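**Student:** Residues per chain, in single letters:
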Amino acid sequence: MPTFDEFAPIGALLILSVVMVALITIISRLFGPYRPSLRKTAPYESGMKPIGPAVRRFPVRFYLIAVLFILFDIEVVFMLPWAVVFRQLGLFALIEMVIFIAILLVGYFYAWRKGALEWE
Amino acid sequence: MQECIDIFNTFAGCLTASGADPGLAQFLSILLGVVLVAMGPLVIVIFLIWVERKYAARVQDRLGPNRVGPFGLLQTFADALKLITKEDITPAGADKLIYNLAPIISVVSVILIWAVVPISPLHIGADLSIGALYFVAVGSIGTLAIMMAGWSSNNKYALLGAFRVVAQLVSYEVPLVFSLLVPVMFAGTMSMQGIVEAQLGMWFIVFSPLAALIFFISTQAETGRAPFDLIEAESELVAGYNIEYSGMKFGLFFAGEFLHVFTNALIFAILFTGGWLGPFVYQVPALGIIYLFAKGSIFYLLSLHLRNTLPRIRIDQLMSFNWKFLVPVSIANLILVAFLWKVIQLIGLLPGPENASDFLAHLPAAIIMLVGNLALTVVVLQMLRNVGRRAVAANAVSTPANAELDDQPYSLPVPH
Numbered sequence: 001m002p003t004f005d006e007f008a009p010i011g012a013l014l015i016l017s018v019v020m021v022a023l024i025t026i027i028s029r030l031f032g033p034y035r036p037s038l039r040k041t042a043p044y045e046s047g048m049k050p051i052g053p054a055v056r057r058f059p060v061r062f063y064l065i066a067v068l069f070i071l072f073d074i075e076v077v078f079m080l081p082w083a084v085v086f087r088q089l090g091l092f093a094l095i096e097m098v099i100f101i102a103i104l105l106v107g108y109f110y111a112w113r114k115g116a117l118e119w120e
Numbered sequence: 001m002q003e004c005i006d007i008f009n010t011f012a013g014c015l016t017a018s019g020a021d022p023g024l025a026q027f028l029s030i031l032l033g034v035v036l037v038a039m040g041p042l043v044i045v046i047f048l049i050w051v052e053r054k055y056a057a058r059v060q061d062r063l064g065p066n067r068v069g070p071f072g073l074l075q076t077f078a079d080a081l082k083l084i085t086k087e088d089i090t091p092a093g094a095d096k097l098i099y100n101l102a103p104i105i106s107v108v109s110v111i112l113i114w115a116v117v118p119i120s121p122l123h124i125g126a127d128l129s130i131g132a133l134y135f136v137a138v139g140s141i142g143t144l145a146i147m148m149a150g151w152s153s154n155n156k157y158a159l160l161g162a163f164r165v166v167a168q169l170v171s172y173e174v175p176l177v178f179s180l181l182v183p184v185m186f187a188g189t190m191s192m193q194g195i196v197e198a199q200l201g202m203w204f205i206v207f208s209p210l211a212a213l214i215f216f217i218s219t220q221a222e223t224g225r226a227p228f229d230l231i232e233a234e235s236e237l238v239a240g241y242n243i244e245y246s247g248m249k250f251g252l253f254f255a256g257e258f259l260h261v262f263t264n265a266l267i268f269a270i271l272f273t274g275g276w277l278g279p280f281v282y283q284v285p286a287l288g289i290i291y292l293f294a295k296g297s298i299f300y301l302l303s304l305h306l307r308n309t310l311p312r313i314r315i316d317q318l319m320s321f322n323w324k325f326l327v328p329v330s331i332a333n334l335i336l337v338a339f340l341w342k343v344i345q346l347i348g349l350l351p352g353p354e355n356a357s358d359f360l361a362h363l364p365a366a367i368i369m370l371v372g373n374l375a376l377t378v379v380v381l382q383m384l385r386n387v388g389r390r391a392v393a394a395n396a397v398s399t400p401a402n403a404e405l406d407d408q409p410y411s412l413p414v415p416h
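Protein sequence lines, in the order shown, are assigned to chains A and B. If you read the first sequence in the working numbering, its first letter stands for residue 1, the second for the next number, and so on. If you read the second sequence in the working numbering, its first letter stands for residue 1, the second for the next number, and so on.
None of these hints come from the bench; they were simulated from the model. Be a bit skeptical, because a hint or two may be false.
Cross-link-like lysine-lysine pairs, in silico, BS3-like; alpha carbons within 30 Å at most [what the hints assert, rightly or not]:
#1 Lys324(B) to Lys40(A)
#2 Lys49(A) to Lys324(B)
#3 Lys96(B) to Lys86(B)
#4 Lys114(A) to Lys342(B)
#5 Lys82(B) to Lys96(B)
#6 Lys156(B) to Lys54(B)
#7 Lys54(B) to Lys86(B)
#8 Lys40(A) to Lys342(B)
#9 Lys40(A) to Lys96(B)
#10 Lys156(B) to Lys86(B)
#11 Lys156(B) to Lys40(A)
#12 Lys96(B) to Lys156(B)
#13 Lys49(A) to Lys54(B)
#14 Lys324(B) to Lys342(B)
#15 Lys49(A) to Lys96(B)
#16 Lys96(B) to Lys54(B)
This one's a predicted model, so the numbers in the text were calculated from it and none came from an experiment.
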C-alpha cells in the first residue's frame, strides 16, 4: 500500500518546483518592461483585426478521439496490476486477459469499420 | 522511502551529532534531497538546449552558437537573461489565472517525473511502488498545460493548435502505456528501482525490442518531436498553442519540452536498457549516475537526429499511424510477450531469483522472446506490404488521367 511517507517527498517536490518556476516568471515580470497597449494586447491573427470570438465550436472528431482514449486507458488500468503479478498467476490469468482484450478488440474493429478512426 | 540513503543519512547524522533535534535533522535532509531533485533538471535543461542547437546546426551545415563562452556553452544563459528582460504580454480577453499557470504546469510536470528516476543503486527521489504508473500519470499533466494555454490565450491559432496537440498526445499515450506494460510484466513490479534491478541478467530490450521501439516512437510523439511536430506546425498554425506567450513564459514552454525529451530518454534507458546497471556499480554507486546518463544521452541524440532529419507528417497520417498501426501492434505484442513468458515459465526456462544476475540463465528465455518478437515483426511488415500494394493498385485504377500526365515528357522553361 502506498503510504504517506512514500509520497511526502513528492508533495515537497511539487510545492518546491511550483514555487521555483513561478519565481522565474515573477522575476521576468519585475525585470522586463510592462507597457501594455491596445494593439499589443490584441490577439494575434497574422496582423489582421481579430474576427469573432476565439473560443468557438470544434470538430466532433476530437471528441471521438477522446472517447477512444478513455476506452483504452481504462483497459490499461485493469492490465497494470495484472502485469505486476503475472509471474505468480497461472495459465488461467493469461487466458482471461486474452478474452478481455478480445472483447475490447471487437469494439475497436467495430469503431474502425464505422470510420471512427478516419481523419477526414 | 529510500531518500538518498548514504549522503542524507550521514547528513542527518552530522546534524544530530552537532546538537540539532533529530526530527529537524531528518526534515532538513529530506528538504536537501528535494531541492537537489528539483534543481537538477533546471540545470540540465540549460545544457540540453545548447546540445540541441549545436546538433541541429551541425546537421544543417552551420556552426551553431559559438560566441558566448567556450563553444557557445554560455549561449543559453545569455538567452535566459534576454528572455527575463523581455516584456511579458498578456493578451486582452485571456483568462489570466489559467494563462499564467500553464507554462508553470508544463515545466513542473516534467520535474515531477524526476522524482522516480533512479540514478544509482542508492539514489532516487522516491522509490514509489507504482513508479511506472506515476510516470504516465505525471507525464500527461503536460497535456493539460497545453490545453490550458490554448484555451486561455483567446486566440484561434492557439486553440486550434491545442486541440490538435491534445488529440495527438492523448492518442500516443495508448501505445506508450501498452509497451510500458511489457517491462512491468518482466520485472513483476512497477517500482522503477525494481525494474532496473530485474535487468541485472539481461536488458529488457533484448526480451522485447518491438515494445522498446513502440515506446520510443510514442515518447517521440508525446514530446511533439519531428516527424510528429504538428504541435509547432509553423506553416499552418504560426506557432501553435504558445503563440500568445512572450518572454520567459514562452521560454518555460520550451525548457519544459527540451527537458521532457531528455527525461523520456532516461525513462527509456531505465525501462529497457538497465538504467544505472553497469560494471562495478554496486561497489561504487556513483558510477550508476554516469551509466544512466550515458545511456540516456544515446537515446536523446537518437531523438535529436530523428528530429533534424525527418519531415513532418500530416495530421491524418499521424492519427492513422497511431490508431491503425501502433495500437494494434502494441496490443498484439503484449499478448505475444505474455504468452511466451508463460510458456517459458511452464517449461522451466525462466530464471528464478537465485540466478537473477546470471547472464547465461537468461539466454534461452531471451532467445525465445527475441524469435517471437522477430516473427511478429515479419508478420506485421508483410501485412503492411499487402496494404501498401492494394493502395497502390487502387490508386493506379482510380487516377488514369494523372498517370497519363506523368508519362508526358516534362521540361523546365528555359530562360532566354
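**Student:** All hints, please: hold or fail.
**Tutor:** Here is what the structure says about each hint:
1. Lys324(B) to Lys40(A): 44 Å, violated
2. Lys49(A) to Lys324(B): The given pair, whose Cα atoms are some 41 Å apart, is violated under the 30 Å limit.
3. Lys96(B) to Lys86(B): 19 Å, holds
4. Lys114(A) to Lys342(B): 36 Å, violated
5. Lys82(B) to Lys96(B): 24 Å, holds
6. Lys156(B) to Lys54(B): Outside the cut-off at roughly 33 Å; violated.
7. Lys54(B) to Lys86(B): Since the Cα atoms of Lys54(B) and Lys86(B) sit roughly 24 Å apart, the hinted pair holds (cutoff 30 Å).
8. Lys40(A) to Lys342(B): Answer violated: Lys40(A) to Lys342(B) is near 64 Å, above 30 Å.
9. Lys40(A) to Lys96(B): 16 Å, holds
10. Lys156(B) to Lys86(B): Between Lys156(B) and Lys86(B) the Cα gap is close to 24 Å, so the pair holds against 30 Å.
11. Lys156(B) to Lys40(A): 17 Å, holds
12. Lys96(B) to Lys156(B): This hinted pair holds, its Cα atoms lying about 17 Å apart.
13. Lys49(A) to Lys54(B): 39 Å, violated
14. Lys324(B) to Lys342(B): 28 Å, holds
15. Lys49(A) to Lys96(B): 22 Å, holds
16. Lys96(B) to Lys54(B): 36 Å, violated
Checked against the numbered hints given earlier, the structure breaks hints 1, 2, 4, 6, 8, 13, 16 and satisfies all the rest.
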